[in-house]
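Undergrad: Residue numbers (the numbering used here), protein chains in the order written: chain A, 1 to 103; chain B, 1001 to 1165.
The hints are simulated quantities; they were obtained by calculation from the structure and are not laboratory data. Even glycine gets a Cβ: it sits at the ideal position worked out from N, Cα and C. Check the hints yourself; a few may be wrong.
Where chain B lies over chain A, by a calculated footprint (3+ residues, C-beta under 8 Å) [said to hold, decoys possible]:
hint, segment
1, 6 to 13
2, 24 to 33
3, 44 to 52
4, 60 to 67
Using C-beta positions, here's what the derived DEER-type ranges look like [claimed, not checked]:
hint, chain 1, residue 1, chain 2, residue 2, range
5, B, 1092, A, 91, 24 to 30 Å
6, B, 1103, A, 66, 25 to 31 Å
7, B, 1133, A, 88, 42 to 48 Å
In silico contact screen, one side only, chain A against chain B (beta carbon under 8 Å); selected entries [said to hold, decoys possible]:
hint, residue
8, 16
9, 17
10, 38
11, 80
12, 83
13, 97
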Amino acid sequence: MIANPVDLAIVAFGILVMAMGAYGLTYSRNLMRQLLSVEVAFNGLLMMLLPLLSANASSATYFGVVVISVVSAEIIVVVAILLSYYRASRSMSSDSLEEVPER
Amino acid sequence: MISWTAVWAIVIGLASLVAAYYVIRSKDLVYASSALAILGSMVAAELAILGLGIVSAFLVIVYVGAAVMFIIITVSLLGLRGDERRNSGVGVLVAVLTAALWFGVALSAGIYGLYVAPHPVGMTAAVGGLLSRYALVVALIVIAQAATLVEAISVARRGGGNGGE
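Produce the entire structure from the sequences given, and follow the hints as far as they go.
TA: In structure tokens, the structure reads:
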């Protein structure tokens, strides 16, 4: 069991933060807000999973470094795509995704 | 008796909850993305409390310092607004289901004894392990980051119509 209260608190808050990210993802129709919600969920997942992965001494460190690198790259790509979409449609609503004109 | 470390973990966890709430509910996207930077810093503090100092520093430097700042600058320069149609009922349902699912995962991991207090890993050991055992992964990440940079510049310039030509 999780004997350490620090681990317990961090895992519990991580789950709550991740649930808030899932809430924001379905709550909003703004694409930028949805990206921010995905990042909130990622932060919650990081808080929850790193204590789980630390059974091996250094695997949590390796996992954290690799995942943060990949997520940073993902943010840059998604923001570039959203920027392109915004220039094409002048909107950030996910409802109008099918109405982007062909270029 | 609860230690001061546990108190700090709870206080920082509460602050991260407030920051996450502000990311979702704030009407201004600039403030929302700034709250995301605060949330990333709070998560880094929690990881530092866990003993994962390198991951904590990496989170602050790479994630908050580069990626989230990129979002903030983009939102500020475009002047994006946060007004949108919202669907609150489905959001609450998904949040409750997500929390229940991951509480189940955490409970199962606790039952099987997978949660262990992490051992601090020094910079020399971390770099040595990354470059020896995970050298291929590091090489792939470097290639992916370079490709991402080129792709992002390409997409952003192409979207402007006559911006790239």
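Undergrad: May I ask which of the numbered hints given earlier this structure violates, with the numbers listed in increasing order?
TA: Going through the list in order, the structure violates hints 10, 13 and respects the others.
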